[in-house]
Each structure stands twice: as structure tokens, then as C-alpha cells.
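Let the hints inform the model, and build the full structure from the sequences given.
There are 2 protein chains.
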Amino acid sequence: MKNKLLLTLLAIIFIGVTNMANAQEQTYSEVFNKVNSPADVKKLSVEEMNVLSSDIRKAILNKVDTIGGHLGPDLGIVEATIAMHYVFNSPKDKFIFDVSHQIYPHKILTGRKDAFVNPLAHPEISGYSNPHESEHDNFILGHTSTSLSLATGMAKARDLKGEKYNVVALIGDGSLSGGEALEGLSNAAVLNSNMIIVVNDNVMSIAPVEGGIYNSLKVLRDTNGQAKDNIFKSMGYDYYYLEEGNDVEKLIALFEKVKDTNKPTVVHIHTLKGKGYEPAETDKETYHWQMPKFIENYGKKQPAVETYTSIANDYLVEKAKKDKALMVVSPATPGATGLTPDVRAKLGKHYTDVQIAEQHAVGYISGLAYNGAKPVLEVLSSFIQRSYDQMSQDMAINNAPATILVFWGGISPADVTHLQVFDIPLISNIPNIVYLAPTNKEEYLAMLDWSVDQNKYPVVIRVPMTNLVSTGVKDKTDYSDLNKFKFANKGEKVAIIGVGNFYQLGEQVQAKLKEQGINATLINPVYLTGLDEKALDELKANHDLVITLEDGVLDGGYGEKVARYYGNSGMKVLNFGAKKEFTDRTPMDELNKRYHLTPELIIKDVEEALK
Amino acid sequence: MKNKLLLTLLAIIFIGVTNMANAQEQTYSEVFNKVNSPADVKKLSVEEMNVLSSDIRKAILNKVDTIGGHLGPDLGIVEATIAMHYVFNSPKDKFIFDVSHQIYPHKILTGRKDAFVNPLAHPEISGYSNPHESEHDNFILGHTSTSLSLATGMAKARDLKGEKYNVVALIGDGSLSGGEALEGLSNAAVLNSNMIIVVNDNVMSIAPVEGGIYNSLKVLRDTNGQAKDNIFKSMGYDYYYLEEGNDVEKLIALFEKVKDTNKPTVVHIHTLKGKGYEPAETDKETYHWQMPKFIENYGKKQPAVETYTSIANDYLVEKAKKDKALMVVSPATPGATGLTPDVRAKLGKHYTDVQIAEQHAVGYISGLAYNGAKPVLEVLSSFIQRSYDQMSQDMAINNAPATILVFWGGISPADVTHLQVFDIPLISNIPNIVYLAPTNKEEYLAMLDWSVDQNKYPVVIRVPMTNLVSTGVKDKTDYSDLNKFKFANKGEKVAIIGVGNFYQLGEQVQAKLKEQGINATLINPVYLTGLDEKALDELKANHDLVITLEDGVLDGGYGEKVARYYGNSGMKVLNFGAKKEFTDRTPMDELNKRYHLTPELIIKDVEEALK
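Residue numbers (the numbering used here), protein chains in the order written: chain A, 339 to 949; chain B, 339 to 949.
Since the hints were derived computationally from the structure, they do not count as laboratory data.
Interface residues of chain A toward chain B, partial, derived using beta-carbon atoms under 7 angstroms:
1. Ser487
2. Thr490
3. Ala495
4. Leu498
5. Leu520
6. Ser524
7. Gly549
8. Ser572
9. Met573
10. Gly701
11. Asn767
12. Glu898
13. Ala901
14. Lys910
15. Val911
Stretch by stretch, here's where chain B covers chain A in the computed footprint (C-beta under 8 angstroms, at least three residues):
16. 507-519
17. 558-570
18. 709-718
19. 732-742
It should be emphasised that the depicted structure is a prediction, and the values quoted were computed from it without experimental measurement.
Ideal Cβ placement from N, Cα and C applies to all residues, glycine included.
Structural data, given as C-alpha cells:
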């Protein structure tokens, strides 16, 4: 059902698990082979640690080239991770990695080396911090910018209990601009006891960094930490700078200096993202993460494939040429939504990356729309979770006619921290917002075109995560006529409401029912934020059962609204979708079975309900 | 239904509209009487502006003493508001007030004076920014820390359209620590065109400020803006400091200097919260907002009344004496949840105010709980909206056994920006969280006691917003036995599920049905996050109708889950609760009527359904 290309991208960024290519046989040094725990690191000489660094990079490249995953951030943080384990005593001292996709070197040093060198073991560990894997990991982490709050809490718990150890938060690769991180930075400053914040300044998030926070890091880099205006000192932190953030010896010396401090302390290190793999050092954005076989494929042009990602951006590039008020906004994930450097260059001043700052992103587009511009925010389902209050307060209450494109919404085999099944409950229950679920290319473009130019509603569009399906017929729907169902077939007995991604599943169910002699009604509900009550009432005349199919969690979602609507009638309702649970890299087959999301299992339930 | 005291508090903070006391007749100067628009301000001499300041304070005191409202923040910002209108040209130049409860002087100067001097007109305007009232207000605003994002968007829209004017965001009274504000501060720094941020530094939020951000303001205050480490300059801002933030002449000179700048600029002014009313200058926290007749009641001790607010804190104070791991956390709203200075003093190191930083607050308690402490976060329903992602990622995925007390959840006549009806959909659809809805004092305390000491679940408790009802019977429920209904009566035909605040409404409906000869079943569902499926199945035997009553929005809420559960059965279900809509100071009577939330209207619907 899911589009393969999208799923591969998804797997790479969010999961790091795809089909296994043939890994190259690698040989590793004796030093590398004998390091299986932090205790082993502590026995090494600087020279040996440099050998170790080199082999850790080899192992990371090996794994990512085989099953895909984050690359540049991990290559850059190798020496700092070794130095942390050399100086501090994990797990007594607590490490928190933020964003936690910088954790590969730490995993290699804490007993999980096999998952990097042995292709068969690659999928066994996640790409993120995970205490279920090791006592050296603190917190299941995936979203960025959480470390300082979590670390402040850990440190305060330590103090309340009268314990003594270091709490070390490593934050970087773009995480520092997130609101939670800045709130945490402010609050941690008055902790009045040990907390060490290692700011990993690699001058990048996924794309290059920009903004006041990053300017404050730049002036410090430019002056070897001596700048007149030091943001950290202004807040009350002890502050140390290290220009050579990939020099293990200097890192050790610095960490030794701050170890066991009784003051909140910032250690600002300048590292090289992608270090040790020349293409990744040069093109930091492309090599932030990579697909399998990227080494072999280096320099080869990938065939351009039309996706739901590319068609929106093609439209927006054209729109920007004609409309000076258009503004495309990304919260630091341009690559994941098709905003390639090429597209960004074409958009010019009509594009901005506000960095990891999803709250601001929604406030910003609300301000743009309120003042007559035409903003389009491109964001992933998992990360829009940061913006509930801004969608409600800044955007919806003000009826700011901004557009949000939510990408990748749907059931997936993603990591627990990157599930995308919660956006329908999150967004569709906010008043005033129009949340649309297109089912094909023409609908998607027609909705986008309508949304960008209208000035009455805050609009969110759930970008399809299915195969490209074009009706071939121009979509002339007037989307300002809210909450009108589209009927693909008017039948009887059973009505199928196939929402967005799952419309095609609805078609399959309809076809199967036809084989059984049931001419089922098939409905594309179009709107996630309101029901076509007239149409639902009309179904009562000759239908016994309505089924809803949605690609998301059922609790708080679309189907429940249909069930509520029919609660006081004789109409039976069956809702299909995901259970309210955190899944973690669970294969799609298993999820489809668990949630009854195959045509066969749905038919079975329908038969049961019709008995 | 609603507790009067709580409702009064609510009215004061969130609405500013209660019953009207008899206002004192006030006389105002000729200057004050002739100012009806910004154009009038521009004609005044400094001397006249000082007279005007004094009368604006008189008008604010007059209004607040009559119907209640925010006081200290408005008294402190009088001169700055006059100076803004003197120098800039609203509405061409755009003003954004943050938090927008600092907007009273602006309202007085922009044609809404009558609502301050004429008691009959007091309720006509809201206590917050509202473009429906005046073209001089930008955005409907109520939650804090949004101004910089909104202003950045407005400024960018201006630039895209090739327009020229000033965008001025006034941020202060605690707003600067919020994550959205800090994200916005970072992004605005690279706007590369006009944006003026007036930091109103009154050294307070509701309670005193603390933290790194506020330390950075302190070092600037202490050095008359000359500190070596300047957070704003480090980010790239032009920066100006004014110690005399209540001196209209100096304010004018400074605003003249920055007007029409083509760079993002920070104007940091040091003002006196509560200025001009001595008790408010002295006790800034108490006079942040006030109840009607506070002038007359000055110095009189209010009778201590037991409320759901006080009983939790009494419990926590006792708990802290015995358990060193307890930690009570407030995100800058201690007064609203009963964390008075007295309670805070008793809690000592077991209490912290993390400031306006709701995301951090949830990350922080997750870190505390993960590391073995016992944190309890006290937060208002409206503001927990900021923390969805942190509740999901930091707390729920990690199963961090923290406790959140959500206050004031329920349907109310609040301002649109301070509605409290969305917390059930927001929280109850997150996996792993146990969301509890107590219906009386014993349950509430038993739940709190269970939650604080258990270490398996993230727990949220929706603090009742009804009259105190004690069963007089010790509650011995084991709340770790999740999702078990409590049956108050096992009857037939109709089952009433009365959720939390609305349990008593359920009792009333039950009584009315009894009069009609129906022995209805009455259920306290206890848990908002899961159904007692066994009990629901058993109801099928001798019930035709289940009604759910919940004090919140229906969409995504509790009742829909019951409707979904019964979708495939013959059981009829009626869900009672609020419609998905933004209401704005709508009287309770009207809402109860609109939503059918009186026993009479519910009975009518029940009769209809049973036909």
C-alpha cells in the first residue's frame, strides 16, 4: 500500500532499517576489537583512542551503507564521545544525547559494537537512545531539544536524594534552537549544582544553521570563546570553549577540568560534521543521513521520481514566480519534505528555514497570514506535535489563513519516538481549522491551490503517503464548501468511508464486497474536521453498516466522530485504524494484522457485523 | 454546579467579568477626557502625558476594583504605552502586546476609555488583545510568549509586499522565558529589516522571575545596559537600555531613536510593576490581578475556605516532610493553583517555579521521575496545551511516573484564549498516560497519594472544578487496577456515565429518571484513558441507552470512545459535552442550554432516544 520510495526515505530517517544490502567485509584494529565497555576506553592511550576513532567511523560507515541511517552527526561526535567515556563514569554519571541520533559512537563503546560490524545484527539496535538496550542510555529519545529539561530533572532528583555524580547533556546538530531546549537552558542555569552541558557546535542542523542562537555560537567560535557578548555567561553559566572539538586529547583535558563541578557549566566544542568521510565533510546536508549503498552510489545521479513531496514543491516554485506574497517555511527538515537546495534556490526570498522551532514556525506563519502573506509550512507529522498550542492559539483562534502541509502521517514501522499516527486527533479537534485528506494528486494540488489563495480558514493538508494515484480528471471541487463527502459509488447495505491514505483500501474492500454481491457505497470524506451530516443521514435509508478506515490512531480520530454521530440511531459503525499504543519498529505486516487493515480482515469484520 | 469561589477566581484571571460591585465615582482630568485616540496623544506635552498617566492608573484601578482583572502589569506599563503611541503611528505601525493582559492602557488610548470609567461598560471589552474591538489591536492573544513569532511573521509579510512601517512587539511580565518567545527571539534576529522588541522588564512574572534568561536581564539592569555579556547583542540585535522605564520623556526619546530602524532591535526598559498604587508596588504578586472591592478590602484577612486547590497543597506539604524525593513544580502560575507564598515556604527546596516554560516543566518532571524523585506539576488546563509533545515523548514514551495536576478543566465563560475544554482530547489520547477524573475529595486525595508513590505510570489528574463533595467514606480503591468503573447504582434501561466534574450532573439525571420510574445505572468511570470493557459489555444485557456526560469538548473526548465501543452493537449512545468551537465570554447559562447540559434537557434527549 505505502509508496516504496517514501517508505524507504522514512525507513532511513526514522528507522534506519531497510532491506539489507551486502555489506563489505571490514577489518578492524586490535584496539577497536578489545573495546567493549567504557572501562576498556579508560585503559587506552591517546594514540590508541585515535585508532579507535578511526575504526568507529569505519563501523558507522559500514552500518549506514548497509541499512541506512544517520551519518554526518555521528562521524562528527566520535572523539567527544570517547573523551566523555574516558573522563566520566557512565552509568553512574548520566549521559543524555540530544538529538539522540548522535548516539552511534556511544552505542559502539557501550557493548553494542556487534550491531555496527555484523550486518546480521544491524537491525537489533535502534538509531536512538534506548535504555532497554543499555544501562548507559538514559531516556528513550528521538525528538530534539529535550536534553536540558530532562537533565535538569535528573540533576534535581540527584540533589534531593543527596547523591553525587555528573549529569552530562550533549546537545547539538541543530537542537539548541528548540523552545524546550531554551527553556531548559534558562532553568538549568539556576540549578546551583552539577550539570554539564556539552554544546556540540557543528554549525549545522540538517541544513545550515541560522538565527540569533546560532549567531551567538558563531561570535564565540570566531573569538575562540572570548567574545565580549557570551550568551551562556549572561545566563550565569561557567563557560569553556574548545575550537578543536575533534581532538580527543584536548577534549579529555577540558572534560577533566569541568568534571564534578558544582555549577551549571557549558562546554562549547566546535566539531566537524561528517568528519573522516570526505563527501560528508563537503556536503554536510546530503550526508546528514544516507540510504544503503551510498558509498557505491557516490556521484551517481538518482532518477527523478515524482512523489507527493515533489509535486507540492513544483507547484510552490511556480506560484512564487507569480505571487510575491508566497512564503514557504521549513522547521529544519527541508530534505524530508522535498525542499532540496535546488528548490530552495528557486524559491529565493520566498523560503526560510526557521530551524528546529516548530512552535515559532506556526506562530510565524500565523503572523505572515494575518498580515496578508500566503505562508505554507512543510512539517512532518511527528514534529507538528510540538505546535498544538500555536495551532490553536496563534493560528485557529485568529483564523489566520495559513497552510500547513503535514507529511508522512500514517501507520508505519517507525521508531517509537517518530510515530506519525497522532496528527488526526491532535489537529482535527481544534476548532476553526480545516484539515483536508487528499486521496490523489489532482485533489492534493487543487486543495493546495485553494488553500494558498483563500483568506478565511487556517488549513492543514495531510500529504498522502500512498502510491501516486491520479484520476486523470481535473479536480474542480470548491473546497470552501466545507465538509462535503465525495461519493465514488452510491450503493446500499454497507458504506465505506475511506479517509485519505486509506481511500484505496476502501476501494479494495468495495471490490471484495462486490464479489459477494454487495454493492457497497464508497465515500471519500475529504475533510477530517467535519462530517457531512446530510450525507450520513441519507445513508440511514438503505444502509445497515458504515465502516471508517483511517491511517492513524483511532482514539480521538475521525471514525469516532462518525460513531458518535450515529450513536442514537440504528446504524452500526465499525472504525478501522491504529490502536492507541506506542509501537516500536513493528513491521507493517504485523500492524496490518493487529489492526485488521487488510481487505480480507475487514471483510471478515463486516460479515460479523452484518450477522 | 461550579464552585463559586473557584469560579470567581477563574472569572478574575481569565475573564475579568463578574458581578458588578458599586463603583466609586471618579473624576478625571481634562487631559484624560480629551484623549480618545492615538492622534490625541501626539498633541500632548510631557507634563500633560504625566497627568494622563495618573488618570489612566485611576481608570484601571476603578475598573479592576469593580469587576476584577489584571492590575500590576497594567499599572507598570502606562508610560511606555503612551510613549509608543506618541512616537509610532498605530494602526499603520503594528503593536503586539505580550502577555496581552498588559494591554489596558493601550485600550484606554485607542477609543475604549469608556469601558474603564463607566461601570456599565466594563464588561464590554475583554482583558486581552482583540482586533474585533479595535484596529489598533493585532491578534486575539491570551497565552504568553507568542509576540515575537507573530511579529516576525508580520514583518516578513510587510517585506514581501514591499510595505514600510514599524512592527513593535512589547514582551514582558514573565513572557520572555517561554519557548515560543525564545525561538522567535532567535529567528527574528536574522530578519534583516525593521522589528522592534520592547522588553518590559518588571522583574516579575506572576511570582518573582528566576532563571538564566532573567539573570541576563539582571546583569543588564545592574550595569545600566553596559554588561559585558549581553544576550541580545550576542544574537545580533541592536540593543538599548532604559533604566527609567516609567519616565515618559525618556521613553519617547528612546523610541524616537529606534523608530524606522532597518535592523531587529531590542529596547530593554526597566519598569515598576504596580506603579502608582502602593500596595501593588510592595506586594507585586498579590496585586498581579485582583478581585472586586480589593481597595476596600485592603488588609482584611480573607476567610480560609477549603477548595480542591488547597487540599492538594496541604497534602503535598505534609508529604514533603516525610519524603525527601517529593518535588512540586509550577510553571509560573502558583497563585492560580493554591501555591501561595506560605505554602511555597513550607515546601522549601521541594518547590520550584520553572517560570512560563510549560514544555520544560513536563521535560523536567519527566527527568525527576525517571531518576527516582516524585514530581507533581500543577498547571492550568489552558496552558498544558503547550506540552503535548513533552507529555508524549518525554513523559509517556519513557513511562516516567510523574504526576500532573490539571486545574480548571471544564466548560466555562472564559475568554476565547483561556478556554479549558480541550485537555481531555489532548491528554487522553496519548498512550501510556493514566488520566484520572476524581469526583470528590477522598477520591482526589487517594488518587494523588497513589500517583505520587507509584512508579509505573505517568499520571494526570483532572482536579475537580465542582462543589466540594465528600463521600465521608475513606476511598480504598486500588488505582493501579486500571480502567475499572465505579458503579453508584446498578439499574436498567439507561446507564449514565458521569465523568469527573459532571458526575453530580449524572446524579441529578438519575434522580429525575427515578421520578419517571426508570432505575438508571449510574457510573463514575474514574479513568479518562481507558474503558471498562467488561462493564460496558454487561450493560448490554438490560440497557438500551448509555449516556456520557463530560465537562469538555466532545470531539476527541471520552464519550466518543464509548460510542465507538458500542458502534457494532444495538446499544444506543448519547454523548453530552461541549461542541467543538471557540466560545468567548459566553455565559454558562447559554452554554448549558446550547450543549443540553441541564438535567431537564438531558432527560428530553433521553426520552427521544428511548422512543
